[in-house]
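Enquirer: Listed here are the chains, written in short residue letters.
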Amino acid sequence: MESNPILRIATKIMTPYILMFALYVQFHGDYGPGGGFQAGVIFAAAFVLYALIYGIETARLVLPMGVAALCGALGVLIYAGVGIATMFLGGGFLEYGFLDSHDAEHGQHLGILLVELGVLTTVFGVMVVIFYSFAGRGRVEE
Amino acid sequence: MMAHLPVMQVMVPLLAAPLCALVRNGRVAWGIAVASSWAAFWIAWEIFQVVHSTGAISYSLGGWSASEGGIEYRIDTLGTFVLMVVTLVGAVVTPYALESVGKEVDKSKQALFYAAFLLCLAGLLGIVVTGDMFNVFVFLEISSLSAYALIALGKDRRALRASYQYLIMGSVGATFIVIGIGMLYVMTGSLNMANLAILLPELSSNRTIPVAFAFLTVGVCLKLALFPLHMWLPNAYTFAPSAVTAFIASTATKVAIYVLLRLFYTVFGSDYSFLEMQLGTYLLPLSLIAIFSMSLVAIFQANVKRMLAYSSLAQIGYIILGISLFSSTGMTASILHLFNHAVIKGCLFMALGCVMYRLNSVELDDMMGLGKKMPLTMGAFLVGGFGLIGVPFTAGFISKWYLIQGALEKGLWPVAVLVLLTSLMAVVYIWKVVETVYFSEDPGSVNSDCSEAPIGLLIPTWTLAILCVYFGIDATLTTFGASSAVANLMGIGS
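Protein chains in written order, with my numbering: chain A, 1 to 142; chain B, 1001 to 1494.
Be aware that one or more of the hints could be misleading.
If we take Cβ atoms under 10 Å as the criterion, some of the chain A residues that face chain B in the derived model are [unchecked claim]:
id	residue
1	Met-14
2	Ile-18
3	Leu-70
4	Ala-85
5	Leu-89
6	Phe-93
7	Gly-97
The hints are simulated quantities; they were obtained by calculation from the structure and are not laboratory data.
Positions of the beta carbon are idealized from the N, C-alpha and C atoms, including for glycine.
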């Protein structure tokens, strides 16, 4: 596959749009179908496609295993961090309304976006780690 | 901040877990784990005091109340008792883990080990804290999935197979539980336990409810390893790293028993569970078979860790026996044993972890004459062993005393005799170890040049050993906690 020019070029063209679409799904999650989980999977799919066509070593140069694992942990921290932040702002755990002191509704928008961002980060990281671990079986660990 | 205690109970270990995964250094991760598990213990203690002075506490996540479909955290006297058990064991095992895990787990995986450990702790605490059925399922899976990973980290290659076996059985159990919850949700439109308790009695003639009841009961019994559903447990306990065995043996099955009590008493109501569904008639024989057959199997084990795993299955039988009696004395015995067994088994498995640290083996044959070389370790083992048998002045005596009393109250004297008889069987298997360790000469085998375990392992082990004796002499705190939990549960039922 790595020598097929059609696949290589098509992948090159597609990848940014896949990433873009993931972000669309993420930010549109409030209004339509979508949200952090789906967005994370689509985001990871871009890297999976890249690894399939250009080889897993090349993909690991773009996104090392360690960084993907870091994302997996970081997302949980973002999610929980929002919850802790609302507690310090005087609300309950994950009570988004308190994130904006002027308009509770704005706070709720902000809260759900941040939380979904946490979900995206974790799902994306974990998906890539799973793919790397399975695809890289039998190869040298970094 | 005090108002947020219920959510902090879960969030502290849940936040610490990704931090452990981020730092990647085993020692730093250990420091985080110790700090957060001690903080969790302190929070549990604060909650214990609040609940006993002002009654059950409720907390709405995200400010959405239960009537708006939100998730409610609710802690009553039973919940706070179980929280104390889990966090106490967690707080004792994490300091122990430094040297034990340092030796038994690959260095590159140590930070991830603590991450999984804290996730497991967070999951177990979450099950107890929440008042929402689906939340119970989610936390059950958080704790189970991290437990599978922890068991698979064992040094022995067979740990992987044991973990896989547990994964399959645990997932079957989880599926049963989620099917049961789904049925309840379809019938009532609610996932909140308190709401379900109000809505379910009106539907009790509906055929779906008994099916949901059956699915939930079987699923949870698989998680707590009641007799015919116990096959995953012995291997998992035997091959897991010592610190993991000590933690999981003292907490995971106990929390599953808590879920069972929640279902029987709070969600379905005791009248429905015990009078209409005749739960006692099913649980009583199963628990008796568990106690008798598992004690018998334990006697013939050559690996001490596996022996104690089978003994754990028998002890689960005692706890279920107390529940099946459907009386306040029986329930008090069960809830007391929940705590006492956690302390006793924690102590025993940690003492075995000390042996593992020096010998790399817990086979009975390798432990000949070890009493002279590791007097403190084996002393702690002896104390725990006495507790397991139920010798007076140890914690085990108190719970067995209540259990026999409960059986006699119901006129079930053969059950009381069987409890005494199986205690004698515990004497047999503990004596086997004592004889090998203290009364047989070392033939100059593996342990010829071994010395006492390091102080970092001995202090946590002896902490539990001392607690085991302390709560055998002065059981005021434990009986107070247990009997107020029972009064609360039974009060809801009637």
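Enquirer: It remains to establish, for every hint, whether it holds in the given structure.
Expert: Structure-based check of each hint:
{"no.": "1", "hint": "Met-14", "result": "violated (32 Å)"}
{"no.": "2", "hint": "Ile-18", "result": "violated (27 Å)"}
{"no.": "3", "hint": "Leu-70", "result": "holds (7 Å)"}
{"no.": "4", "hint": "Ala-85", "result": "violated (12 Å)"}
{"no.": "5", "hint": "Leu-89", "result": "violated (12 Å)"}
{"no.": "6", "hint": "Phe-93", "result": "holds (4 Å)"}
{"no.": "7", "hint": "Gly-97", "result": "holds (7 Å)"}
When each numbered hint is compared with the structure, violations occur for hints 1, 2, 4 and 5.
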